[in-house]
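> Chains as they are written, first to last, in this note's numbering: chain A, 2 to 280; chain B, 2 to 280.
There could be a bad hint or two in this list.
[What the hints assert, rightly or not] Pairwise CB distance ranges, derived in the manner of DEER restraints:
hint: 1; chain 1: A; residue 1: 217; chain 2: B; residue 2: 90; range: 36 to 42 Å
hint: 2; chain 1: B; residue 1: 233; chain 2: A; residue 2: 192; range: 43 to 49 Å
hint: 3; chain 1: A; residue 1: 259; chain 2: B; residue 2: 199; range: 48 to 54 Å
In case anyone wonders, no lab produced these hints; they're calculated from the structure. Quick caveat: nothing in here was measured; it's all calculated off a predicted structure. The beta carbon of each residue, even a glycine, is placed where N, CA and C say it ideally should be.
Protein chains: 2
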Amino acid sequence: MTTSDPRLATLSLNQMTTRSWSVPEAVAGCVRAGIPAIGLWREPVAEIGVAAAAKAVADAGLRVSSLCRGGFLTASGDAGRAALDDNRRAIDEAAGLGTDCLVLVVGGLPGGSRDLPGARQRVADAVAELAPYAGERGVRLALEPLHPMYCADRAVLSTLGQALDLAERFPVEQVGVVVDTFHIWWDPDVWAQIARAGARIASFQVCDFLTPLPADVLLGRGMMGDGHIEFAPFRRAVEAAGYTGDTEVEIFNADVWATDPDQVLATMKQRYVDLVLEG
Amino acid sequence: MTTSDPRLATLSLNQMTTRSWSVPEAVAGCVRAGIPAIGLWREPVAEIGVAAAAKAVADAGLRVSSLCRGGFLTASGDAGRAALDDNRRAIDEAAGLGTDCLVLVVGGLPGGSRDLPGARQRVADAVAELAPYAGERGVRLALEPLHPMYCADRAVLSTLGQALDLAERFPVEQVGVVVDTFHIWWDPDVWAQIARAGARIASFQVCDFLTPLPADVLLGRGMMGDGHIEFAPFRRAVEAAGYTGDTEVEIFNADVWATDPDQVLATMKQRYVDLVLEG
């Protein structure tokens, strides 16, 4: 790869930020931009297969900072068993890609259910089932608390503290947490919980929180600097907690997706330096 | 007023649920429906004046369960002083209407600011300024934690615990909190915080959380039963905490607003009995 700017030594492109790119295209884009790591998604990996994706990344000299994503563990019965099987495959894929971090979006309320405690219990049971399997393969389950606006339909884990309450039941090498600025920036308890997280921090993801939220609230994730979050305090907090891994930029945004991906990477590098590292 | 169903003895119509109605129309609607209390909003009250609104309510034999709303206290300088003046007027209006509960939506980040701790500090300073003024007039400031999706633009108080941390700095008769199911249903700590709130609970508001959220996320508040919240545990929790006041139904929803208001009240009564009281 090209000689990197040392300030970019732990910067990672989450593949969703350049959604139109295949895995080989995103890998080549990272090389051109001097970005040393990439967070992969299962769907584009499946398009070329795990082995080919792993080879593309390795040949380019990149790291895989995470695989997105497993989870959706709140169903019961046959659907619940199918979800466990799918998560075991995701763990295998993470191992095959050479990353120790599998991000889990745990799932919302099953259709028609209002039993939030029950859904949370099924997540806990599923994590207990999957954690040893992950650990045996050198993969850590990274529980991602999602913004509370997704509690009903995507993740019944809503705060870092709640994710840690669950993660701490398991060995630290089996279950960690994701610190994603978009999801937790509003939390009055966030600094204490990042400090508490310590070695449980399996992934640090950044993007901004935009208002007004777009019609599809999944796409309210903006480029750093375009929204309301002050990033440097989060970078300093995860560092103070002992985190030395990559910082993934993960943006779901229609305007970003409509922009030339090489230009997105150029903007992302500049904003990362100005706002995450030095802000 | 008409003889009420005893099950409706503490039911209140928040005026925003029947947005097209003036104060006299909403009062008459409550009388027709046998609903004994009403939560008023400042703007429709201003259309006829505080004295006329107070007389309309009193003549009908209704209670005023709250006045919505003061707040928006995060600006500094001239705008901050103007906000304090406006809140003093809101306190006077609450007193004039015969309610001891002024709901405060505390405000989001000032335009262009990313200083969330600073905004929270200005809220605390403003509440300290207003609380004695309110107390002297027999009015309690009811701090409303809003759903975290509104943190940037409407309220930097996002959890009941955070609202209580602030409220507890003041005498209980001066500063309380609002328990609104829409805003806090997702919170893993909500039951402990309702128990902690005890006599600080100044208002209990119910409506459902809908998905997908509408394009204007302010309008995601649905009729009970149309969304994801299980209501009866919240009603039991506030009762266990000692709350004996009214349950206000406050819905912001384009479909509800397009429905005949008398029909809205009929549905609201039925859902209240089925899902809040007995669910």
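> All hints, please: hold or fail.
Do the hints match the structure? See the list:
1. At about 40 Å, the beta-carbon gap between residue 217 of chain A and residue 90 of chain B stays in the expected band of 36 to 42 Å.
2. Evaluation of the 43 to 49 Å hint for residue 233 of chain B and residue 192 of chain A yields a failure: the beta carbon distance comes to about 35 Å.
3. For the pair residue 259 of chain A and residue 199 of chain B, the supplied restraint of 48 to 54 Å holds, since their beta-carbon distance comes to about 52 Å.
Comparing the model with each earlier hint shows a violation of hint 2 alone; every other hint is respected.
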